[in-house]
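Number of protein chains: 4
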Amino acid sequence: MAVDTTFGSDNHSGVHPAVLEAIAAANRGPAVAYGLDGHTEATLEKFRAHFGKSVDVYMVFNGTGANVISISTLARSFQAVICSEHAHINADECGAPESATGCKLLTVHAADGKLTPEMIARHLQGRLDQHRVQPALVSITQASELGTVYSAGEVKAIAEFCHGHDLFLHMDGARLCNAAAALGLGLGAISGDLGVDILSFGGTKNGLLMGEAVVSFRPELSRDTIFIRKQKMQLASKMRFIAAQFSAFFTDDLWLENARHANRMAQLLAEKVKSIPAVKIVQPVQANAVFASLPRAARDKLLEKYFFYTWDEEKCEVRWMCSFNTTEKQVGDFAAAIAASCK
Amino acid sequence: MAVDTTFGSDNHSGVHPAVLEAIAAANRGPAVAYGLDGHTEATLEKFRAHFGKSVDVYMVFNGTGANVISISTLARSFQAVICSEHAHINADECGAPESATGCKLLTVHAADGKLTPEMIARHLQGRLDQHRVQPALVSITQASELGTVYSAGEVKAIAEFCHGHDLFLHMDGARLCNAAAALGLGLGAISGDLGVDILSFGGTKNGLLMGEAVVSFRPELSRDTIFIRKQKMQLASKMRFIAAQFSAFFTDDLWLENARHANRMAQLLAEKVKSIPAVKIVQPVQANAVFASLPRAARDKLLEKYFFYTWDEEKCEVRWMCSFNTTEKQVGDFAAAIAASCK
Amino acid sequence: MAVDTTFGSDNHSGVHPAVLEAIAAANRGPAVAYGLDGHTEATLEKFRAHFGKSVDVYMVFNGTGANVISISTLARSFQAVICSEHAHINADECGAPESATGCKLLTVHAADGKLTPEMIARHLQGRLDQHRVQPALVSITQASELGTVYSAGEVKAIAEFCHGHDLFLHMDGARLCNAAAALGLGLGAISGDLGVDILSFGGTKNGLLMGEAVVSFRPELSRDTIFIRKQKMQLASKMRFIAAQFSAFFTDDLWLENARHANRMAQLLAEKVKSIPAVKIVQPVQANAVFASLPRAARDKLLEKYFFYTWDEEKCEVRWMCSFNTTEKQVGDFAAAIAASCK
Amino acid sequence: MAVDTTFGSDNHSGVHPAVLEAIAAANRGPAVAYGLDGHTEATLEKFRAHFGKSVDVYMVFNGTGANVISISTLARSFQAVICSEHAHINADECGAPESATGCKLLTVHAADGKLTPEMIARHLQGRLDQHRVQPALVSITQASELGTVYSAGEVKAIAEFCHGHDLFLHMDGARLCNAAAALGLGLGAISGDLGVDILSFGGTKNGLLMGEAVVSFRPELSRDTIFIRKQKMQLASKMRFIAAQFSAFFTDDLWLENARHANRMAQLLAEKVKSIPAVKIVQPVQANAVFASLPRAARDKLLEKYFFYTWDEEKCEVRWMCSFNTTEKQVGDFAAAIAASCK
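Sequences listed follow chains S, F, U and W, in order. Here this note's numbering is used: position 309 in the first sequence is 303, and no number is missing along the way. Here this note's numbering is used: position 226 in the second sequence is 220, and no number is missing along the way. Here this note's numbering is used: position 172 in the third sequence is 166, and no number is missing along the way. Here this note's numbering is used: position 85 in the fourth sequence is 79, and no number is missing along the way.
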């Protein structure tokens, strides 16, 4: 029997059918490459409808690319990015941020994956000291890598702290849709409207084939980002096919429907495993991930049938991820398998 | 009337229907991300069938990424790449090679876009001089940026020169399929078999939605390339959808059929314009491009109806590019429009 | 009254007279630049006498340069350096290591500034995971930034751990002389002989005008370091004047005499302040630094007359540094001033 | 008999005695490191006396460092530097500019080493094209690498062209003193006063032990250069000893006296060899270098007794360099040896 990979990652899910249809529909006749086509222009308009009339948007291939371009737009190599040690940019990008921007990451320990102004403040002591990198921006991830979601107030407080301390605020929104669905707010309402300066906006984990975007809320700071995108190897030649995906994403609130569903499946899974005494949910389930601890033997047994990641080997904490096309039946079967493995 | 973009670039063409179908077919159930899925493994097997059993293959997003990863695999920052000044890595990648690898490009003027051992030799004088970058590899483009094609013998001679002078040979094969079709030889027969050490293999310009690959013929030198791909922001999460494209590419010789067609359309166009006295074909038409000069007024008039690039403004030399889905009728209409503009 | 800067840093001390004399003596007639002169060759011979016949030595301008060249020699950008969070490379080089090598630093908290194999092991979990930087080397500082000294056994244990786990060992020996003096062992005996692979050897803090060196104990790994030194902007044109300094350093054990004296002055200072109840020595005094805590008011009062650095503002821990030309009288006066400030 | 290295390079000369005396004089008591000392402040005042009250000055170790810091101050990685192919930054810095700044160098062929606005203009065609690096600055070398000197009018014309085309102007003034002496103008009069935005000011080739400086005439653009200097590994800990050298340099016009002498020796040498029929002077002798061609056999014979560099092996063009302490007798002997070798 093959291993079930459904709960391994929201990257394991495929493409939403409406997205595939949009790609096929865009495949008519020739179109100028590199973003100078009608599909791209129309999609940028949709971005502006969500994020604000003046935003500057750059569609790219992947999240690491979006993060690197965001940082490179706002910081120079002698500057630094303050982030959580769990941040994707710190833990999961094979050093791309440092290597591609020269910037140092200054990390803090955030037990639930969420920064606070107090944590950020600790890294501001070296200001003006020529021996120290100079913090230029703060990067927060919404929803966080630990499945938690910043409230609007929390983001606003961080943005105010940042702007009061000569720092920009970057949001890694690989799962911004899940956060928006969780908060019941719009995409712009939980990013630019709260003071975020630049956003890595994710589509791939929420039903696209492949597509992310850098959304700059400070176009006066991103007028060279078009060159940065190219130099950082994130400019697609047949751009219309990324544009078509985002166009479908923004049609009939597909992004929201997908994210809501993924979140609901995570809630369902959490509810079902709550009743298993050996399983302990270790992070608030606020987006589409369930972080839980379980006995090592149970974990190992479960891994025979299901693929998922262990987040903390020592504590045997694991991550179970739901996505836009996870079904209630899959959740039910998985919960039953968890229960069985714990017996 | 809208401007016709057919002859602007082979990137202006869409996706071959068989490629779209393969993407759709791969969209069933979950699959582990980042290349650890069955589609990827099956596609790598197809790569090995074409390029050799021991090759090491890394599928990536775009050609700039493939080139940067190739260079980074074989050179360190104090080393250099010898290439034509027309090389895509030198002229069209916004400095990505230098910025992402630290290496300097040492360029030579090659009137037809093709290097020779003599040209390469000129850059070997600084060897062992600590003030000079140290040439580590030569990069040639097949088919070249000027639409010309190296013969097998020419590539072999360059490879032998390189290996006799402690240089690796990189081939930018963004249009390798067109070269193979032109030469009537296989993909491996015109790359690894001739001594190429690492190859950027292109799919996007020949009918894929988006997909290129780094093919290393020296796996002992590319054992860390998996990390380089990630750090250089070229690792797709839903890799199966790039794999599916290449799978279709290699099925029923789609790559060859597409490339042959594009080449034939370029030949047809060349034949048709040959009879126009004001038009002069300025490069041998060996792949899918026609480089020609025409009177400036004619060029300007033609640009009102057709989108294409001027390669040399001073000489009024332009590039007309054919692709896998250019039709004979389009070629006929375009040739007629050229003739009309020259009257 | 001017502020006394004697105890601020061993960089505040001047140049030993014998070093100045050696510079003047080297200033006769012309000499080929960039290290191809007789002074340099003779000095390299002296290095080999201390560090081993086969070492590869590159004299450079400063410690940051030596560290960057060392890392760049042994690691590529997708790799990482494991070090203490107090390490100079992490805290005091304005991000030069990340910016100039692309490598990420993976830090551990070491209360006394000294790493252990256990601490290093924590960063080895991401091995072979393409999303993670790959640890390539460990960097330890001897004497450490906190004035402590690794025993020979401790370094050996780390080296063995490193070599058993496919890691190189770099030693930042900006104060290696002080460590050697403290341990009563030779320079090579506490570096290469214990398994150190590459060393940043410091002269400036111990009586030179300006001079550090990269000492590679693995010449087969550093055959390109000559190019790295140039590219990293650390090649002196009039090299003979750095060579002359090191020549004096190695004559009549000047390096040892200077280091011993500085260490003794730190011991003397520690002894004197021990009797002041409000002052607490917070790190073992093993080299030429005294780390102590004292009441904030006392610290502030003392700063009116003496320049020194606060290491931990929260705990009011400060660093007092002795150097080769600190006098007993200066120590006595300073201790008295400390006592007075605490009243 | 040892080979005479006098005419090999102005880097082969030693240190002017007044400079050594100044170093010794600065070696009294402790001084705060990293430029926060009285010597440094006093020397910066002298820089301002020469270059203007508002200039921002950063003393550094070497010319490559000064050039990299200058470029890094004014350009980002997607931008480019336009320079001569003979420029030191292009030919003799082992790729440091590209590697350390990410910028591409766009070169032009300038037969006498001097750029013109026309040459610069050729590289401005890719402006606003996202595939092309964006020229941000022009770098000219004064005196040039070929021993020629830009007139004040020529520099002014370039500066005006630059500023009219959104380009900064960098001057590599490794031999600015020689140019000033040749032109009979002040240091500021031939740099900032003519529109130069940032200057690499050289001391080492003109009698210092080791010392260069970045002089920014646009302090509003260089407010972060203090961090760049540190990150680019060019911050000296015992800065007072670089400061002391420049202080001596600016005392009693030592810089001018040294440069004038070197230039005069080059003139003398040129006059003497003019009468040798087999020798042809191939560049105007305007600073302290004589570029000449001579028969290959004569060159080889001369190399048995004298060390000097061949600039163009094919044409057998060589460079003979004079310095502040070249004597008339040395010139006479050398000219006689040249004549003898040509017989």
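No lab work stands behind these hints: they were computed from the structure. One or more hints might be untrue.
No distinction is drawn between identical chains; accordingly, a pair holds when it is met within one copy or between any pair of copies.
[Said to hold, decoys possible] Cut-off 20 angstroms, straight-line C-alpha distance, at most; resulting in silico cross-link-like pairs (SDA-like, lysine to any residue): (1) 295 to 217; (2) 268 to 287; (3) 40 to 276; (4) 274 to 130; (5) 150 to 111; (6) 266 to 287; (7) 299 to 32; (8) 40 to 179; (9) 266 to 12; (10) 299 to 146; (11) 309 to 113; (12) 309 to 117; (13) 268 to 119.
Consistency of the hints with the structure:
1. 295 to 217: neither (53 angstroms within a copy, 33 angstroms between copies)
2. 268 to 287: within (11 angstroms within a copy, 50 angstroms between copies)
3. 40 to 276: neither (38 angstroms within a copy, 44 angstroms between copies)
4. 274 to 130: neither (38 angstroms within a copy, 37 angstroms between copies)
5. 150 to 111: within (10 angstroms within a copy, 43 angstroms between copies)
6. 266 to 287: within (14 angstroms within a copy, 54 angstroms between copies)
7. 299 to 32: between (46 angstroms within a copy, 17 angstroms between copies)
8. 40 to 179: within (17 angstroms within a copy, 47 angstroms between copies)
9. 266 to 12: Neither, since 31 angstroms and 43 angstroms both go past 20 angstroms.
10. 299 to 146: Intra 39 angstroms, inter 50 angstroms, cutoff 20 angstroms: neither.
11. 309 to 113: Result: close only across copies, 18 angstroms inter versus 24 angstroms intra.
12. 309 to 117: between (29 angstroms within a copy, 17 angstroms between copies)
13. 268 to 119: neither (43 angstroms within a copy, 30 angstroms between copies)
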